[in-house]
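Residue-level listing of the chains:
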Amino acid sequence: MGKEKQKSNPSGKALNLLRTRLSNPNFFFKPLSDSPDTNYSKLKFIISSSVTEACNNSILLLGPRGSGKVAVLELVLCDLLEQYPEGISVIKLNGLLHGDDNCALKEIARQLCMEHQLLFSKVASFDDNSQFMIAMLRECGLAHKTIIFVLDEFDYFAQGKQRLLYSLLDAMQSVTSQAVVIGVSCRLDVDQLLEKRVRSRFSHRKLLFLPPSKEDTERFMEHILSLPVDSSLPHNYIVEFNGRLKKILSDERFKELINTYLSFNSTIGHLVRFLFRAVSYMDLDVGFLSLENLRTALSSMQRQPKLECIRDCSLLELYLLVCMKRLEVKEQNSYNFNSVMTGSFHLF
Amino acid sequence: MAAETPKKPLHSPRKPKQSPNNSTLKLQSSTSVPLSPQTPQSLISPQPPLRRSSRRASLSFSSKAVGEKPDPKTKAVEESGKCSGKTRKGLSKKETVKTPKTPNCKSDDENSKISKLGKLDEGTVEIEVKFSPVSPETLETKKRKRKEKKSVVTRAMAMRSSKKSMKEMKRVYYKKVVYDEGEFEVGDDVYVKRREEAGSDGEVPEMEECRVCFKAGRGVMIECDDCLGGFHLKCLKRPLKEVPEGDWVCGFCQARKLGKNVQFPKPPEGKKRVRTLREKLLSSDLWAARIQSLWKEVDGTYWFRGQWYMTPEETASGRQPHNLRRELYRTNDFADIEMESIIRHCNVLGPKEYAKAHDEGDDVFLCEYEYDIHWHSFKRLAEIDNDEADSDCANSDEDWNSCKEADSDTDEDMEYEEENTKNEQARPSTTHQLAANSWSGRFFGLRKIGAKKIPEHVRGHKKTELERAKATLLLATLPKSLPCRNKEMGEITTFIKGAICDDQCLGRCLYIHGVPGTGKTMSVLAVMRNIKSEVDAGSIKPYCFVEVNGLKLASPENIYRVIYEALTGHRVSWKKALQLLNERFSDRKKIGEDDRPCILLIDELDLLVTRNQSVLYNILDWPTKPYSKLIVIGIANTMDLPEKLLPRISSRMGIQRLCFGPYNYQQLQEIISSRLKGIDAFEKQAVEFASRKVAAVSGDARRALEICRRAAEIADYRIKNQISTVNSSTVKDIVTMAEVDAAIQEMFQAPHVQVMKSCSKLSKIFLTAMVYELYKTGMGETTFEKLAMTVSCLCTSNGEAFPGWDTLLKVGCKLGECRIILCEPGDRHRLQKLQLNFPSDDVAFALKDSKDLPWLAKYL
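As they're listed, the protein sequences go chains A and B. Residue numbers are given in our numbering: position 132 of the first sequence equals residue 132, and the series is strictly consecutive. Our numbering runs 348 ahead of the 1-based position in the second sequence.
No lab work stands behind these hints, which were simulated from the structure alone. Ideal Cβ positions, reconstructed from N, Cα and C, are used throughout, including at glycine. Careful: at least some of the hints might be erroneous.
Some chain A residues judged to face chain B by a derived CB distance under 7 Å, without partners named [unchecked claim]:
id, residue
1, Leu17
2, Phe126
3, Asn129
4, His144
5, Ser167
6, Leu188
7, Lys196
8, Arg197
9, Thr296
10, Ser300
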């Protein structure tokens, strides 16, 4: 018994390690961030230069869901907070939660108060809050502090009169303020949603997040799945694990499998979800990833719920469906239960 | 008092010795004439770019040149004459008070000296009394000094503090005081004695001695930028002919930097090196303060309220590496000080003036930050003077001030009281904290914000051309001039002047329209600034100016509240405000007898349109009232706003209009190049390209500036990366067409083509099928069912596996999320309607040569 436990221990640990990695976006976006062409370094340059040069900026991060917009932004913010611990305060809003201008301003005031250990009052009016925000922008600018506004789901802020965006962007036109507005959205046409005077004040920097290329994906998978050599796991286990992984990754069948998967959706977020499932299918007794794990994961993710539903239908239900289908063939697009009954059911 | 007496003999001889020199000096500084007229021209280096050091030489000569001592008595007469001359400029009341004062302070009578010394003690006492409540335990540095003072004069303190409350009632406040041959005004910066050392080395040299020959004067001196020591040009080891450009570091400092142990030459036997006031200040043996207010106590002594300056060493974080030698911090620490302890003026300048300062004398200091003594934090000083002027504009004015000052003393007391309460508000209290974001806590927590240390990158880093270009292209930086809007600005000016200068001041209304980014608001504000300066000069009657932005109001009705608050400073509900404003403008009932004309600027006017348009009607109706004296300037984007409104409004608003047309490319080019003047960072064609592009699209100046800034940013990014990799200094640091093009692409091009190029295989097939369907049927809209059929056809005929309907539906929804296609929610299944959001040509262009699916080209 004890022996078995000892044996299963390294694989359990490895599984844990892989899972933590897969649920930590900072880890798997890190290696993608060293070259100067990546969004990471571009974004970092824009934000850090507006911190050091005391200027205002506004940026849009665009890209399909799961392409790592927020993850990269978090990574950049983490780095910058380390670099300038005093000089940055981050205000985060989400369009789904704070789409209403009034509520968004209140939330901004709340976070600003939290950040600077001030007392926050819930009952303050819209005017109070907006004046407070402008005053804070000025004060922070004078103290060489940059306020970074992260507006997730930016498209929801770009609805209605867009008071929040207007007052934010208008406040940024004064010399003393020092702020960066970062909009994150999956809608590619979000800048068209802005009202003309807001658009004129927006500085129209755009960073596009695209799914990685095939080579990048492979490199990424190897990086994320192979165990680190300097971990606490037994050495020969690691070598064995990595060796098997390499074999799987170079296998033709695997490539085919992953291609069918990526042909559906090739973003990183999606891939990570797939890998997490595959890793979870790993047999702890064996202790190594196998191609079979990946295949089960794939089939469990690519299900066709409607077909499966029909498979479980009773006979009478199937009869009804067939009758409806016949009516459709006869180009009769609208029908009720009665017409189905009278029109076709007697055929059976 | 016993402790003080030994000082007296030291103190009194100092006075006559110092005064002649002092007086001449102050005369010059007060009249603010540069020293050149008095200086023998031959002795100063004639070239105009004088370094700070060379001015020291000139200073010394000027004091020598006027060296002959006037008879004390005649001088006294002169002084008093000067006084009255000065006061005539100011207020009539001052004169009567001031003239007797001058002889009093000038008399060398021993008795009066003693009495003065007595008062000095009281002065310190007063400081104690004032201060202890303001800063209970947080401040350490100042406190320490004050403790020293306290030890000298503990007895008098209790006595004085009891008296104080009664005396306060009869203070007389001044704007300008002539004291001890110097003229002190509110806002001046002065050296302040530390009391316990007043007698220690009484002699204060007016000019610095050379660090080598220990003689002052005689020849041009140069200042080391490191140790601030002065050297004669000819005394240097390698004598210089003239003052070199740029920074200069003396040989001693250079040697010390190399790690050698150097000793400055010792002064000759019997002569002690005397330190200048500047040196004493920087080594904390003296203080500097800024005069906040001046007044005379009942007993005839003159006092001022000073705002302390601190040297970097005195702050909590100590001297930081980027601190300049002559840097001071302004604190938010105040003290009441007797005028006696003022030594003389010093010049504390902002960074811009400091950079320009070349010959103001040795007492020039830089002050860029305010230091909060409670929180030990730094904050940049904003352009305070501007701000004060702005806030004054709303509720006070020159005339108004003067009549108030001429009023009885009780008025002054009230002001004093107010000041006190304000101070109390500013200090952090632990008992009841107010919320920072509500109105009542307005002044509250904001003090707290400040940098604990001034970040390294702000100073110490020399800006490259590109960075300077980026800074000047910022939308926030106010341009020095507004090119291309002279005609419009002229029209606005004539409109406003015509409206205010009329004797009846007929209310009028101007409607300004134009697309965003054509300088509407900026022009109006520039005109208002110009007019304000004319008001200050006295050629135009004062007025009040209220600026409202429609988009920043919570609701249109709130505008009444904002206007009323701007006019009177009171906050009431909007209904009440409407009523009061109606009274003010229509019923000739004036609020506080304030009958200045009022200019109301409403930005984004179209936001004030409500359903029954009553807000706009009310506002535009006031100017038509006979005694309203209201001028409304409305700004909006739409040309035909008046026509869209009810006729009764459009007849009031639509008479005078001004159109700001979009800029054409020459104008944009001029705007950009006027900003970039003197910065060599842009190719000429690049600027032209950007302005042509913007002029073709919108004519929005903001857009053009942003493109150029973005281009500079891209160039900067490229260069910084190149430097880190290649490590070559031959990188071209100029913005070229390529960067401008990249910026334009980023700004104007929708990113959908790139997204389509890189999306997944199924999405590509899906899009192709949509285009194919469009070609086949000619209908823009299709249903999911039809599309799925097409997809399956395409797949089977080209050897792809059909993924199944459910997967396909998900793919469609993903594309819909990015708005590449427009689609109904996915729960409509096969009846879901789909439509391409971008032209089919874009899809064809993006997918034509995709590598993994070459067969797509057949269907596009």
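Hint check:
1. Leu17: This interface hint is violated because 30 Å lies over the 7 Å limit.
2. Phe126: 4 Å, holds
3. Asn129: At about 6 Å, which falls below the 7 Å cut-off, the nearest Cβ of chain B leaves the hint on A/Asn129 intact, so it holds.
4. His144: Holds, because the Cβ-Cβ distance from A/His144 to chain B comes to roughly 5 Å (cut-off 7 Å).
5. Ser167: This interface hint holds because 5 Å falls under the 7 Å limit.
6. Leu188: 5 Å, holds
7. Lys196: 5 Å, holds
8. Arg197: 5 Å, holds
9. Thr296: Hint violated; A/Thr296 Cβ to chain B Cβ min 18 Å, cut 7 Å.
10. Ser300: Nearest chain B Cβ about 14 Å off; hint violated.
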